[in-house]
Every structure is written in structure tokens, then in C-alpha cells.
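From first to last, the protein sequence lines are chains G and U. Using our numbering, the first residue of the first sequence is number 1, and each one after it goes up by one. Using our numbering, the first residue of the second sequence is number 1001, and each one after it goes up by one.
Source of the hints: derived by calculation from the structure; they are not laboratory data. Where is the CB? At the ideal position from N, CA and C, for every residue including glycine. It is possible that part of the hints are untrue.
[What the hints assert, rightly or not] To give a feel for the contact side, a few chain U residues facing chain G, derived at Cβ under 8 Å: (1) Tyr1027; (2) Phe1043; (3) Gln1069; (4) Ala1071; (5) Leu1178; (6) Gly1181; (7) Cys1182; (8) Glu1199; (9) Cys1219; (10) Tyr1220; (11) Trp1222.
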Amino acid sequence: MRAWLIDEAVHLAVDPSDAESLMAVKAASAWAKEKDITLKIWPLLRELGNPAADVPIGDSQMERLKARRAKARAQYRALEDRRARDYVGLPSTFGLSPQSAKALAIWLRDTSLCRASMAGIWPELSEHLDTGSESIARPQPAEDNLDGAPSLDQVSEALGERGLYTTPAFLVGGHVLIGIGHLPLIEAIWLAKA
Amino acid sequence: MLTVLTDFKSPYAFVANDLIWALESRYGIEINWLPLSLNIASFAGSATKTDTRAQGDKPQTQGNRSARQWAVIRYAYMDARRYAENQGLTLKGPKTVWNSDMACVGLLWAKEKSESRAQLKSFMDSAFQRFFERAFEVDNLDAVRALLASTGITTSGFTEYAQGEGMATHLELQDALLDQGCFGVPTFLIDDEIYFGREHLARVAWHLEGCPGAPPIKCYPWLPETAE
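The whole structure should be built from the sequences, with the hints applied where relevant.
Written out as C-alpha cells, the structure reads:
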């Protein structure tokens, strides 16, 4: 058990460059504030990828089906991305450069390490999104010494060891829950632990 | 008009079934149920588990799934099982990758021949529950006919339908749905929008209410524990 993956919190793993992840941050941080739940938000920068790509090459009929399904899935993902951007209030042109995404990932890691909870963090984070630049300020450490902070790779590796392989995903009381829709179940798990 | 795409072999469609049916009574509507038969091998590989414990051996699994495909499949069943248990449902993982085209034809038949919405619901409930109890072979014409009969739906002419017009209609429908951008279940079609996954139920209800205010966020319904 990593010391920063404490049991007494709901952990949310996100990819800062992904609108669905940002939607999860906005919704979960408001939810945690309302319910008085300790929330930690961590960057997960290594995704599982597309498992469908592992299907062995089949006959021409199967390959046509795979191609059509992949196209339909990609179109739907674009639709969901638009819905997520609408929820978060991001323009259709929104996109973080790799440098900005990394800076935001570091900001999330450091803020989670420094603060007792990320509940209600959205307004602060969205200001950084508005800049969309590499100049996201590192938070001033309260008591913690960030010199000993895990690297982004170490954070992703630790989350992966706990079963979080995609984003957004939650970890609470040893339970892995993938997707933003699980907040009612997470609340039930949290209350059962209390 | 609300159209819902479903497949009796999908654990996610199973745990959504009752929740979706509840929309009928809540909003006084008739859902247009359509079958979407998932070709699981085309996106998640294939696997078959052979239980040889009677001979004292460990169960053997054969197939072509990669490690990350297994990770996704194992999570999907773990996730669906906790929501099934929340609804008092039994969900046993299938031991092979099924082709559910025949059961889907059964749904088309049941839609046409049911004498009431309750009868159609009874067929669908039974199909899901028995499949996930490993007591219903979704690829078997006799099993589908028996299930129709057990829910009081006429089976006169079903064999001919299933082997001819019904199967042809079903396969044409699969092509049309994929062209429309539908690839998974449950999928909801309403007001020219497509929603894939039961986490959109609240948003579907929002459409049925006339889209008042901001749309609700995704949410998997969780029934509160009842005191015993």
C-alpha cells in the first residue's frame, strides 16, 4: 500500500487531456464537497489502449465487421466527448498540448499530496484550464515536502497495481469503479466504511 | 418514441433491463425494443472454459484473448455482478462466447405475438435470468421456442419464422443498426440522439420529460439497502 493511496479517501484517476476525465473531476469534486467526502485526484497517464486491436486478423467478412464497428465506436466517442465538453463548459476547440497536460498532471499530483481533500477543487482547476498553458503554478506545500513526491510514472504504476487501467476511474475501500457514473455506489461504499 | 437496443447475453443489458422497463410505467410509453446481437469475438476475442473438475482437473480456458482483453472482460463481469446483486439478480459468467441471433429472433417474435406488455416483459426477464443462470442456450431454436411457450406466447409458426423471414429480418437489422452508429447494448435512441450504456438512464428520462434545464450527469442507478 502506497502511503499516499490512503484508505480513508476516495481516489479518482484522470487523464487531464481528456474531456471525460475533466467532467469526472467537476462532478466528483462537487459531489465530495456536498457529501463531505475526502477526495484525492491523481493523474493516470498510461491507458490500457484499445483491446479490440488485439483480436487476430480474421476472414474478409470479420475484418469488414471490425472496421465498421470501430468506425461506429469512434463516432460515438466523439459524441460523448462533445457532451463532456458541454458539461465542463469547454469550447469545441479545446485541447491541451502534451506540455500543458503534463503540467496539469503535476499540479493534480502535488495538490492531492498537499491537501487533505480535493473536494470542491473544480473552480480552481478550471482557471488553469482557461490558461491552457504550461505555466500552471505548483501549489505551495502546506506541510508536506514535495521533494519526496512520487514521479508521474510512479503514480500511474501504483494506480495500475490497484487495478485502475483507464480513466476516469475510482478506487474506494479496495473497490475499482471505472467511469463517472458510479458516484451513488461509491457513496454507499463510503458510508458502509464509516 | 424511445427505442432500446438489447442483447440477452450482455451482462450490462441484463442489469439495465428492469430499470428500462420501469420507464414504461413511469412515463406511460411503449418502448420499441430491438435486438442488437453483439459479435463479441470481433472486439473482445473468444474464450471457452471447459470444466473438467469431475476428473479432478482444474477448469481449462481456451481462446485468443489478450491480457488486456481479459482485464476488460473480468472487470465488466465484476462490475455487472455487483449491480445485479443490488437488484437481487443472479449473474453467472457464461462459459463460452455465445451467438445470440436465435434469441434475438425470439425477441422479434415476442414483440409481434405478445398479447400484453407484461407478457413481453416476462419473456425478456426469463431470457436474461435463465441465460445468466446458465440455463438458457441463446443459440438454440428449441430452447428459444420453449421459453416463448413458457411465457404464454404462441409458438405456432415460430420454427419457420426463425429459420426464414425472422432471421433474415434480424440480420438486416444488425446491418442497419451498425450503419446508424450503434455497436453496443443497452443503447437508447431518442430525439435523434444515441446513448450507449445504462449510465444514461437519467438523461433518457430527461428527454422523456421534455429536456427541462441542464441534462443530468451519467449515473448508474444504485438501489438503497433495505433494512431486514
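Each hint, compared with the structure:
Taking 8 Å as the C-beta contact cut-off toward chain G, the hint placing tyrosine 1027 of chain U at the interface is violated, the least distance being around 21 Å. The interface hint given for phenylalanine 1043 of chain U holds, since its Cβ lies 4 Å from the closest Cβ of chain G, which is under the 8 Å cut-off. The closest approach between the C-beta of glutamine 1069 of chain U and any C-beta of chain G is roughly 4 Å, which is under the 8 Å cut-off, so the hint is satisfied. Evaluation of the alanine 1071 of chain U hint against chain G yields a held restraint, the C-beta minimum of about 6 Å falling below 8 Å.
About 5 Å separates the beta-carbon of leucine 1178 of chain U from the nearest beta-carbon of chain G, less than 8 Å, and the hint is met. Interface hint status for glycine 1181 of chain U: upheld, as the beta-carbon distance to the closest one in chain G is roughly 5 Å, under 8 Å. Because the smallest distance between the Cβ of cysteine 1182 of chain U and any Cβ of chain G comes to about 7 Å, under 8 Å, the interface hint for this residue holds. Residue-level restraint check for glutamate 1199 of chain U holds (minimum Cβ-Cβ distance to chain G is 3 Å; threshold 8 Å).
For cysteine 1219 of chain U, the shortest C-beta to C-beta distance to chain G is roughly 5 Å, which falls under 8 Å, so the interface hint holds. Satisfaction of the interface hint for tyrosine 1220 of chain U is found here, the shortest Cβ-Cβ separation to chain G being roughly 4 Å, below the 8 Å cut-off. Given hint, tryptophan 1222 of chain U at the interface with chain G, holds; its Cβ is 4 Å from that chain's nearest Cβ, closer than 8 Å.
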